[in-house]
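Asks: Using the sequences and the accompanying hints, generate a full structural model.
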Amino acid sequence: MIDCHVNFPTKIATVTVKEGGPTFETLAKIITDLGYPATIKKDGESKKKTHLWIYIQTFGAIFLALPLVIPMMGELFGQKWALPPLVQLILATLVQFGGGYTFYSSMFRGLKSFSANMDTLVALGTSAAYFYSLFAFFFQFSNHLYFETSTVLIALILLGRFFEHRATEKTRGGMKALLKMQSKEAMVKVNGEIKTLPIDQVQKGDKILVRPGDKIPVDGEIVSGKTHIDESMLSGESLPVRKNVGDRALAGTINGEGSLEIITTRLGKETSLGNIIRMVEEAQNSKAPIQRIADKISGIFVPIVLFIALVTFFVWGLIVGEWKEGLLSGIAVLVIACPCALGLAVPTVIMVACGVGARNGILIKDAAGLEKANKITAFIIDKTGTVTEGKLSVKKFQSEIDEEEFLNIAASLAIHSDHPVSKGIASLRTGREILDFKLYSGKGISGIYDGKKVFLGSLSFFEEEKLDLGKFRELTSKESEILTFIGVEKRCVGFFILSDQIKEDSKRSIKKLHDWGKKVYLISGDRKEVVEAVGREIGVDRFFAQVLPENKVDHVKKLKEEGEIVGMVGDGINDAPALAFSDVGFAVAEGTDVAMESATIGLMRSHLTNLLMALDLSKITVHKIRQNLFFALIYNCLGIPLAALGLLNPMIAGTAMALSSISVVANALSIRITENVTKK
0 MIDCHVNFPT KIATVTVKEG GPTFETLAKI ITDLGYPATI KKDGESKKKT
50 HLWIYIQTFG AIFLALPLVI PMMGELFGQK WALPPLVQLI LATLVQFGGG
100 YTFYSSMFRG LKSFSANMDT LVALGTSAAY FYSLFAFFFQ FSNHLYFETS
150 TVLIALILLG RFFEHRATEK TRGGMKALLK MQSKEAMVKV NGEIKTLPID
200 QVQKGDKILV RPGDKIPVDG EIVSGKTHID ESMLSGESLP VRKNVGDRAL
250 AGTINGEGSL EIITTRLGKE TSLGNIIRMV EEAQNSKAPI QRIADKISGI
300 FVPIVLFIAL VTFFVWGLIV GEWKEGLLSG IAVLVIACPC ALGLAVPTVI
350 MVACGVGARN GILIKDAAGL EKANKITAFI IDKTGTVTEG KLSVKKFQSE
400 IDEEEFLNIA ASLAIHSDHP VSKGIASLRT GREILDFKLY SGKGISGIYD
450 GKKVFLGSLS FFEEEKLDLG KFRELTSKES EILTFIGVEK RCVGFFILSD
500 QIKEDSKRSI KKLHDWGKKV YLISGDRKEV VEAVGREIGV DRFFAQVLPE
550 NKVDHVKKLK EEGEIVGMVG DGINDAPALA FSDVGFAVAE GTDVAMESAT
600 IGLMRSHLTN LLMALDLSKI TVHKIRQNLF FALIYNCLGI PLAALGLLNP
650 MIAGTAMALS SISVVANALS IRITENVTKK
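FYI, the numbering for the sequence shown is 0 to 679, going by numbering that gives the first Met the number 0.
Derived from the structure by calculation, the hints contain no laboratory data. Mixed in with the good hints there might be a few duds.
What follows is a set of in silico ranges between Cβ atoms, one per label pair, in the way DEER data are often shown [said to hold, decoys possible]:
#1 Gln181 to Ser669: 46 to 54 Å
#2 Trp52 to Lys527: 48 to 56 Å
#3 Trp515 to Asp401: 45 to 53 Å
#4 Asp435 to Glu473: 29 to 37 Å
#5 Arg625 to Thr49: 30 to 38 Å
#6 Glu464 to Gln181: 39 to 47 Å
#7 Arg428 to Gln545: 30 to 38 Å
#8 Gly469 to Gly538: 32 to 40 Å
#9 Tyr54 to Val86: 23 to 31 Å
#10 Gln181 to Asp540: 31 to 39 Å
#11 Trp515 to Glu462: 47 to 55 Å
#12 Lys527 to Gly267: 31 to 39 Å
Here are the simulated BS3-like cross-link-like pairs (lysine-lysine), alpha carbons at most 30 Å apart as the crow flies [claimed, not checked]:
#13 Lys225 to Lys183
#14 Lys225 to Lys442
#15 Lys527 to Lys394
#16 Lys502 to Lys390
#17 Lys442 to Lys422
#18 Lys371 to Lys556
The beta carbon of each residue, even a glycine, is placed where N, CA and C say it ideally should be.
Replies: This is the structure we're talking about:
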């Protein structure tokens with residue numbers, strides 16, 4: 000489906016065009032022929048304009064507010080610096096109705112539904128300061144102007160929202176990375192001829208040719224050929240999977256060394272990759288909008304402030320008979336209630352926390368997620384690449400011949416193959432050149448070494464070549480990890496056991512999570528024996544093996560239904576839906592772009608200790624946010640009664656408001672002092 004905006008003289012319509020339907024140009028011509036001067040714009044173009052407006056609005060307000068900041072700070076220290084009143088008026092007006100347009104728009108929408116939020120408080124507070132100063136400028140009834148109050152407040156709040164907008168946009172990058180995995184073309188076999196067609200022209204039942212090294216464009220059944228397929232981006236399995244006639248091939252996976260012919264069974268959104276894309280999209284859209292604590296406070300605070308300001312005005316006027324004093328006192332109430340500190344309370348803490356996190360390898364992309372991370376009760380942790388290294392290495396080997404010769408033979412054979420098993424063995428030492436090299440796809444390797452025929456391969460390879468396993472045969476029923484044999488002439492002379500090594504800090508980190516009262520579950524697409532062995536080693540509460548990508552989401556859903564606040568930790572494309580659907584998703588650095596973008600928090604150091612640091616930072620951040628909200632409101636709670644009684648004029652009220660803002664910013668910056676807590 001394609002969305003586009005059609006700009007008519009009187010309205011904007013949204014037109015949806017199905018795949019294979021008319022192009023934008025054709026649609027424009029049809030609408031024009033109907034008598035409407037239409038301009039067709041792709042949805043992406045309107046998004047670019049939105050991003051541009053946010054940049055202009057934010058940095059334009061900051062640029063215009065800067066000349067007012069120095070005089071404002073000077074007054075706090077007794078220095079009477081001031082711009083000419085007319086200059087102040089011009090700068091403040093541009094910011095008030097340019098940058099502040101967003102707040103007025105939101106306030107009026109809220110009034111329609113009889114609700115008040117943070118924007119209502121910002122609009123009222125800045126308007127009180129601005130219009131009081133405007134009347135004072137024209138009617139000369141006061142020497143004190145408060146244009147800087149409204150201007151600086153709007154600029155600072157817009158800056159906080161700018162960073163929030165950027166974080167939101169980054170989360171959409173995961174969908175782009177997933178979409179890039181989808182093939183745009185396929186080689187279709189028609190009546191004995193090979194035609195390269197756009198993927199949207201391929202039909203179910205078409206025979207697709209896939210060359211070695213190519214990306215598989217569809218889900219289908221293999222009808223010709225043998226190969227190994229790298230399915231790690233979907234299944235999380237660290238090894239390429241052996242495929243024969245009758246086996247399933249999945250879109251987005253990479254074909255290995257053999258040519259394949261595949262009968263198409265699923266296309267587009269129906270494929271496994273398409274299903275993952277859909278789940279990520281649904282999970283991201285299912286998250287409720289962030290409800291700021293400050294907004295909740297504003298919903299109660301706004302009516303109270305308005306009531307107090309009105310009561311102050313009428314009490315002074317009707318009872319005391321001082322209408323001018325009532326006006327000043329009422330304005331002082333609104334000025335001291337102006338939520339500059341309240342607007343800074345959360346954004347400043349989040350910005351400082353993001354900086355501290357970045358220095359410690361923690362990429363925070365969702366402030367709400369950072370706040371929620373401290374509340375997580377259960378973690379689901381992916382095995383491959385998260386708990387383990389994600390690559391095979393030799394765990395053990397044994398030989399009945401000279402060890403040096405044994406390793407030389409193995410390395411000399413292994414360097415001729417890029418199979419993960421061969422890579423693991425080849426990493427032990429430098430091999431020598433061998434003669435008459437032969438590669439048996441997915442099974443093993445043979446060659447001539449010092450005049451002797453040597454072999455490296457699996458059990459099935461040795462059985463096919465009729466090599467005598469001798470005493471090593473008993474290993475085949477005992478060993479749950481990857482077993483590879485070495486043969487010389489007609490007999491087996493030794494073996495290698497390879498495994499995906501557990502990271503050094505995994506066991507210690509999981510113990511720490513248990514100490515904090517968190518439940519820990521291990522999940523993987525790997526075989527049960529492998530996952531169980533890793534799970535026992537690191538001490539998890541439970542493990543889930545041979546889990547398909549779509550089923551990882553099911554495990555997250557089940558825990559959430561049981562009342563758990565779930566954190567998902569993973570690194571692969573297969574983890575992306577679960578990362579997005581969890582309450583807080585953590586993606587480790589060595590993972591895919593999709594995993595990083597689908598997660599709430601990126602762990603740039605690929606160890607679980609980085610997860611512990613993120614949880615520490617979350618705890619500190621939440622504590623600082625609560626402190627800031629207290630500081631932001633205490634000035635209001637103390638100052639509003641004094642302003643209502645006429646004991647504070649608007650100037651003093653503005654100074655108190657500025658002091659509350661300074662205390663909020665200073666408290667946020669103190670996170671840097673406590674940064675060492677995250678490094679424990």
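Asks: Confirm or reject each hint.
Replies: Hints versus structure:
1. Gln181 to Ser669: 46 to 54 Å: Given a distance of about 48 Å, which is inside 46 to 54 Å, the answer is holds.
2. Trp52 to Lys527: 48 to 56 Å: Given range 48 to 56 Å: holds, Cβ gap about 54 Å.
3. Trp515 to Asp401: 45 to 53 Å: holds (52 Å)
4. Asp435 to Glu473: 29 to 37 Å: holds (31 Å)
5. Arg625 to Thr49: 30 to 38 Å: holds (33 Å)
6. Glu464 to Gln181: 39 to 47 Å: Holds, at about 41 Å.
7. Arg428 to Gln545: 30 to 38 Å: holds (35 Å)
8. Gly469 to Gly538: 32 to 40 Å: The hinted range 32 to 40 Å holds for Gly469 and Gly538, with Cβ atoms some 38 Å apart.
9. Tyr54 to Val86: 23 to 31 Å: holds (25 Å)
10. Gln181 to Asp540: 31 to 39 Å: Since the Cβ atoms of Gln181 and Asp540 sit about 37 Å apart, the hinted range of 31 to 39 Å holds.
11. Trp515 to Glu462: 47 to 55 Å: holds (50 Å)
12. Lys527 to Gly267: 31 to 39 Å: holds (33 Å)
13. Lys225 to Lys183: Roughly 24 Å between the alpha carbons, so the hint for Lys225 and Lys183 holds.
14. Lys225 to Lys442: holds (11 Å)
15. Lys527 to Lys394: holds (19 Å)
16. Lys502 to Lys390: Since the Cα atoms of Lys502 and Lys390 sit roughly 11 Å apart, the hinted pair holds (cutoff 30 Å).
17. Lys442 to Lys422: Judged against 30 Å, a Cα distance of about 15 Å means the pair holds.
18. Lys371 to Lys556: holds (17 Å)
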